[in-house]
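The chain contents come next:
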Amino acid sequence: MAVFKEMLYGGDYNPEQWPKEIWLEDMQIFNDAKMNSATINVFAWALLQPDESTYDFTMLDDIVEMLVENNYQIVMGTSTAALPAWMSHRYPDVNRTDFYGIPHKFGHRHNACPNSPTFRKYSARLANKIAERYGHLENLVCWHISNEYSGECYCDNCAKAFRIWLKKKYDTIEAINQAWNTNFWSHTFYSLEEIVPPNYLGDGIPNGKASFAGLSLDYSRFNSQSIMQNFIDEREAIREFDPKTPVTANLMGAYKPLNYFEFAKEMDIVSWDAYPSFDTPFSYSSMMHDLMRGLKDGQSFMLMEQTPNQQNWQPFNSLKRPGQMRQMSYHAVAHGADTVQFFQLRQSVGAGEKFHSAVIGHVGNKETRVLREVTQLGNELQKLGGALLDARTPAKIGLIFDWDNYWALEYAIGPNVELKYVDQIHHYYKEIYKRNIPIDLIAIDSDFSQYDVILAPCLYLLNDKTAQKIENYTKDGGIFVTSTMSGLVDENDNIHLGGYPGPLKEVAGIWVEEFDAMPMSKKIPVHFTDTMGHGTLLCDIIHLEGAQAIATYGEGEFYQGMPVITSHSYGKGQAYYVGTMLDDQGMETLFNQILEATTLTSLYLPEGIEVTERCNDNGRFKFILNHLGKEQQLSIDIVGQDLLTDENVSNDLTVAPYGVKIIKLA
Amino acid sequence: MAVFKEMLYGGDYNPEQWPKEIWLEDMQIFNDAKMNSATINVFAWALLQPDESTYDFTMLDDIVEMLVENNYQIVMGTSTAALPAWMSHRYPDVNRTDFYGIPHKFGHRHNACPNSPTFRKYSARLANKIAERYGHLENLVCWHISNEYSGECYCDNCAKAFRIWLKKKYDTIEAINQAWNTNFWSHTFYSLEEIVPPNYLGDGIPNGKASFAGLSLDYSRFNSQSIMQNFIDEREAIREFDPKTPVTANLMGAYKPLNYFEFAKEMDIVSWDAYPSFDTPFSYSSMMHDLMRGLKDGQSFMLMEQTPNQQNWQPFNSLKRPGQMRQMSYHAVAHGADTVQFFQLRQSVGAGEKFHSAVIGHVGNKETRVLREVTQLGNELQKLGGALLDARTPAKIGLIFDWDNYWALEYAIGPNVELKYVDQIHHYYKEIYKRNIPIDLIAIDSDFSQYDVILAPCLYLLNDKTAQKIENYTKDGGIFVTSTMSGLVDENDNIHLGGYPGPLKEVAGIWVEEFDAMPMSKKIPVHFTDTMGHGTLLCDIIHLEGAQAIATYGEGEFYQGMPVITSHSYGKGQAYYVGTMLDDQGMETLFNQILEATTLTSLYLPEGIEVTERCNDNGRFKFILNHLGKEQQLSIDIVGQDLLTDENVSNDLTVAPYGVKIIKLA
Amino acid sequence: MAVFKEMLYGGDYNPEQWPKEIWLEDMQIFNDAKMNSATINVFAWALLQPDESTYDFTMLDDIVEMLVENNYQIVMGTSTAALPAWMSHRYPDVNRTDFYGIPHKFGHRHNACPNSPTFRKYSARLANKIAERYGHLENLVCWHISNEYSGECYCDNCAKAFRIWLKKKYDTIEAINQAWNTNFWSHTFYSLEEIVPPNYLGDGIPNGKASFAGLSLDYSRFNSQSIMQNFIDEREAIREFDPKTPVTANLMGAYKPLNYFEFAKEMDIVSWDAYPSFDTPFSYSSMMHDLMRGLKDGQSFMLMEQTPNQQNWQPFNSLKRPGQMRQMSYHAVAHGADTVQFFQLRQSVGAGEKFHSAVIGHVGNKETRVLREVTQLGNELQKLGGALLDARTPAKIGLIFDWDNYWALEYAIGPNVELKYVDQIHHYYKEIYKRNIPIDLIAIDSDFSQYDVILAPCLYLLNDKTAQKIENYTKDGGIFVTSTMSGLVDENDNIHLGGYPGPLKEVAGIWVEEFDAMPMSKKIPVHFTDTMGHGTLLCDIIHLEGAQAIATYGEGEFYQGMPVITSHSYGKGQAYYVGTMLDDQGMETLFNQILEATTLTSLYLPEGIEVTERCNDNGRFKFILNHLGKEQQLSIDIVGQDLLTDENVSNDLTVAPYGVKIIKLA
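Chains as they are written, first to last, in UniProt numbering: chain A, 1 to 666; chain B, 1 to 666; chain C, 1 to 666.
I should point out that these hints are in silico values taken from the structure, not numbers from a laboratory.
Any given hint could be a false lead.
[Unchecked claim] Here are the simulated DSSO-like pairs of lysine-lysine, each with C-alpha atoms no more than 30 Å apart in a straight line:
1) Lys209(C) to Lys420(B)
2) Lys169(B) to Lys20(A)
3) Lys256(B) to Lys209(C)
Using the sequences plus the hints, can you model the full thing?
Given below as structure tokens:
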């Protein structure tokens, strides 16, 4: 399913902040830059609805009319990500209560309590009104509901809704007590009314830990689903008048509070906002794109927001270097984006984001570096047309990313404060990244059978069904790789008794008796057959129960000589267990061995060069990306034509600073 | 106008904390130390007024009587800086609500809500009663209202008062919406009632930033003026009985929440409390004195508080070294003080400041180093008599310090968290300081015409009127120096559209297209014609539009070779723009060039030696100050007589450790 | 008085978290490990009492029955350390209000307001019911009331109770005003109702300081006594049915909020929970054991909790190395423990401590390292039998540890933020520790006469009675050692006027005029007759008034050449004053000199080796402890028999890694 007919190129446009005479100037600039789309109406609720019963679409009509006249594809926002002040004032239930139990009054955005009856009524009604008015438009290509859904609420309405959620999930109070192991610290509940949200006034802890992880985990699920319900409310209200146009909400990478795999099921297409910092590793940016692509099983996504130049909310908002914005745009495309959009098209004159860059800066209609680069990109994208649309990434390695694990691992008190979920996932990702092998970030409930290798580091929380799936996958010939802190708890955060790694013991062929914890600054030698690396953070003490040790601890601790990495032949497959956090050398040795059994080939390229692949009915495309501001030479086995330059390419390449090649393979 | 007849020498005296028999002992010590003044009644509200209707001046009468008998000049406090407990208890509206929305109960000091009707009533009434009783006294030389006004309140009374303030300032809600650009994030207000104070429950951010800087800026102005109104309330209550005695409130240097330039207009004389830490740069202390002198356009100020020896509330409260207290006292005089006063004359026996040193320490009437040094200083000051009173500093360089800019620059989200207003001002100050050239800290609405050079670094917020004044000043032959982050926003914190630096573009003859941001730890080479320095923090990308580049970026970034410092001949004057934060070498090169066109001469002296000048009808006085605890030699072009030793001085000087010379020029 | 007949070996057992079929498996494991005791019913309130009027002991009956059948000694908890949810829900007065004035809802443990009438009623009633049911049991050896009493509450009930407490202590409001020096900052109170708890809404400061230390100090006393009253409530309720069985509450070393010396007077035996971190100095662990022994004047204590292996709530929860748990157990015994108990016997399946290790881990009934080590220890303890019970430590050095000083010193604002009470006590402790000389941690109201040397560093708060006792002690031949920051304030935190160190001036024979403060990173040379060391943190400027200087300041500051350490012959004794924080070299020189006059002999042993002594009617026992994981040789003057191996020992010893010898002297 190709969602769009051509690649969307444009971005957030907020003409309601400007006098109307400016609009025409803007359109001229966008047209010159070969833009073909605009996202509008993202933050305009207070303008559209000045009170409970009045709706005023005059200005939005004008904006739409102008865009239609200019043949723009429209991504239509619903404007519900920031409450109108009158609503906060008259209906305080719409305001959030924070982790410290403090009810807020009116400020910022993403400020609505997801379980506020008032908010749910008026947000859905607004979406409905907008759909009624604009849903029929031919230019409408996508609905953009709310904006960057985020945050938590702990108000009394949420508490009530949480109790209803619990009743539905567990039916009895006894089941809740068992799920949360409330006999610990005598927390036994006799009635739902006794249960309070796990914030600072309850069982939450300001550092992100939880006294009752089962409770906090359920609240995280509840909060994520509450916010997702806000999305569904609006989507359904839209569907009353527009049954077909794709619906999205713009996501934020590895944003913790929202289970995006669950959320993405409710969307037609995933979109996201890519805001790397000046020191974000390239591999991390790639991983985020891959995660977004993974949310809907490899379907193309929208790069809904990126900044044309510097951001404003980082500690140090460096400029994007000449060519870097273009390169980062293609970086997204290389990982699955079918759109290249900016936040924002025109820079705001005042308030919190006035130093966030835009296609049209504060200088207005004047020749700028940003405009030149945007225009170059626009011309290129126009040339590319729909060639790359809906292309897929042919990955044979799947890396599990799971929000339940994200939450549960980080709620756990112990064993090591430096253990962070996304860091651990990225640690494995970057080992594959540096080999330039395609990789998918996948949900825990994905179909594993399409992958040669499944990576599941820190698979801390694991239910029996998934454990069974892993066993079957491995038995059937899959390569399964897991690590320390895996198989520890069930879906309620209760330990799988009988020895670690719980339901993975059999497939891994080991028993982990203990795990030592240490600061990252401390390293333990890890000996492979011929080489060595180091481990840190955690050191599992492993007993072989069928597996073989492929590396053992070196000197320094009492577990010297004991297995640290194991390999187990299981059915037709192989299961690896990595009992520590390996350094780069160790990871390289390990994955050389793991990948040996596959047909996957590592491609080592100069630092800063990345190669990806996408395929569709038009052919196979290789993306060569230079993340660095210096020209690089590479010798690589590729023959084809560069879509950007029409040059034929074969093997020896020179890649310009921040250069990009999109080679259609011959 | 000479406010005092002789230099005040004394300090805060709190005999109400002591049994009366101690008082005579105290007086004897003060007399021996040649003190001639005492500040009394600073914290005694609860003693003076035990309930709503009772006032009891018995003890204050006794204290005043004793001071009069001993011919002391009296600085009379009004005692309103700390609420009586009974008032906090019976009238909770007097208590403040903090940034987090938490209403306080009773504690500390500076604890009154400035908009509390109860507080306003009783504070003015108390001042009135005290004026009625003591306003006629001949010994009374100054009113000292409240103490170290400070803090903010966010209670409902303040919210109401803020809405009235807004109504008065803007008249219509539409004007407010425009001023704050509320179309951003759909913050449009339809009624004043919807506006809430910008604290944590609203649009404030705990790190000091603001989602709506226009709103937060207005609240800062409102809060500052609310507290200033408390001062005016009391001043007016005093004036009913005492129309003439000068009125002051003791200030605190670059204290952020109060706009001291505005505040000083309401005072007859500025006074301040100088509490440098053991590692405060000498240039910073000098700058604070100069700022205090600048508050009333160069008029002498009072050094209301300094500590005779160690402080107590710093992390490390080092002793003042032998001679250092004396040297610091003269340091204040050298920069414009007409009084030398201490906090405190007798050290308290208990509570939060019991380890803050005093003229009479816990040991009581015993020979101590502090007493010896105080006595030496007292004798010297007696000898000096009124010679230095009301002397002015003959500065030809003005450095703009502006609270609107202080607030607005630091509310801004982006571009660089390490950008701090006072640091930037001090960065320019110290370049002049090390040349021993007199400099004034001036208000943005000052008369620029008296200065050869106006320095305006980080003149972020700039209204059209000031911009016009700058143009005129430069056109008429002035030298105007500004920097990156200047001319960006108007008085509402909305961007001056059309290119940076907004209304300074023409006078500076440049257009700034972009500014790169980086941590302080990163340096970019800056090439002048013959020398080089480095820049950091921000790097402006500058296009010349009439100006000349006097320095360009060195290698490392894509803006290599582009202008970083520019000079523009404008009318008869010259405008400089400094597009980065220069290191010391760069500053030296730059200012060598800037000052070349003036008659100002740099005087480089050994590290720790400072020279200042003051002039009055008695003559011209040069102060030679040694900030270090070692003897120093200097060769300097001065001929005259040292007022402290009566020695004739000519050119070659030996300055003792922490030594001071006050040379009346021949 | 020997409290137990044999050493208790066992720990916290929470079978209520497990299905009953597990219990028999557990008992088998405990029996195999030679355990003889179990602590039960520590967190079961919600199970025991499902509502106001129902009590259900069915499960506890079963647990007790099983333990009795297996001849276990029972330590019976009262289960009141965690509120039942129904009580928090129905009676919100049971919940605490925190330092920020935030009332909590339901969560964690140690969550009851100590002054809640509801909590006091139901906690005592529960203890009473349990005593009624189990108080007669022969197997019952100890009552374990609540658990790890801790925290503070600032609710309105506490405010009211505080006012009653104040009325009882001071009688008049005038006395309160005087005690707290409320004339400072005009805090004068006219009625008790005006006094509010000194939290963030009052005179408290988030960094732990206080504007009115007298008030905060009284609140600390009040809070400590309120919690102690909860203990007394339950103890008295127990005594109704069980007049004899010893009663304890498990303490936590140098836990700041509770005055353990006061608390211990209400207990029959002290017990505590030892949880060193991986980098806790050995000397610090020793000091904590000695403090616990000191709480009841040298009486043996219970090691109520230690972890069999890793903890979970440290940042890095390292494993205990093989042999280390055993060594740490004996370390406690070596310092006075008569029991070796674990938290916990079975690891919980879920919630906040699921990664805290246990005798029976998540793996269940399987051979583990922990079980092997526990079993070895069990066999050894069985062999030791009652040989060591009730042995005393023959210390002739007493080191004062005083909670009033702990609180008051740290409430003080100034002179140095790096000054921490426990650090300073430990600084002196470790100098004695490294000499392997027995030392007692003693209360300020102890009988000093049994000691040759009394160490009293930072004896900041000192009433006249104690000062008199110190004078008498010294006069009668004692050696008294005190330091900077001593003798400064009275019991109300008001300064002893007339010169520092207040009432210690005479015995010390000095007057301290001033004290300089500096960061730890700055060092000042200290010259003894032949050697030198360095001082830091504070440097007192001392005038000799009868004392002799035994060390003077070296160069660098103006007090160079002045005395820094003094010695004063006073009566038959000697008083030392140490005017700075000495480094290790300085401490060694100083204590060589101090101890010269005693019969105490320093025994320097290799790093990580510690020797202690205990004596009872069975003989004298020397403990040789190796804190390191490497074998060590030592030559030492000991002849006797190792109780653990029955080997005869004379002088030359090899101590295994983490090895222990308990030598009964011949």
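Are any of the numbered hints broken by this structure? If so, which, sorted upward? Violated: none.
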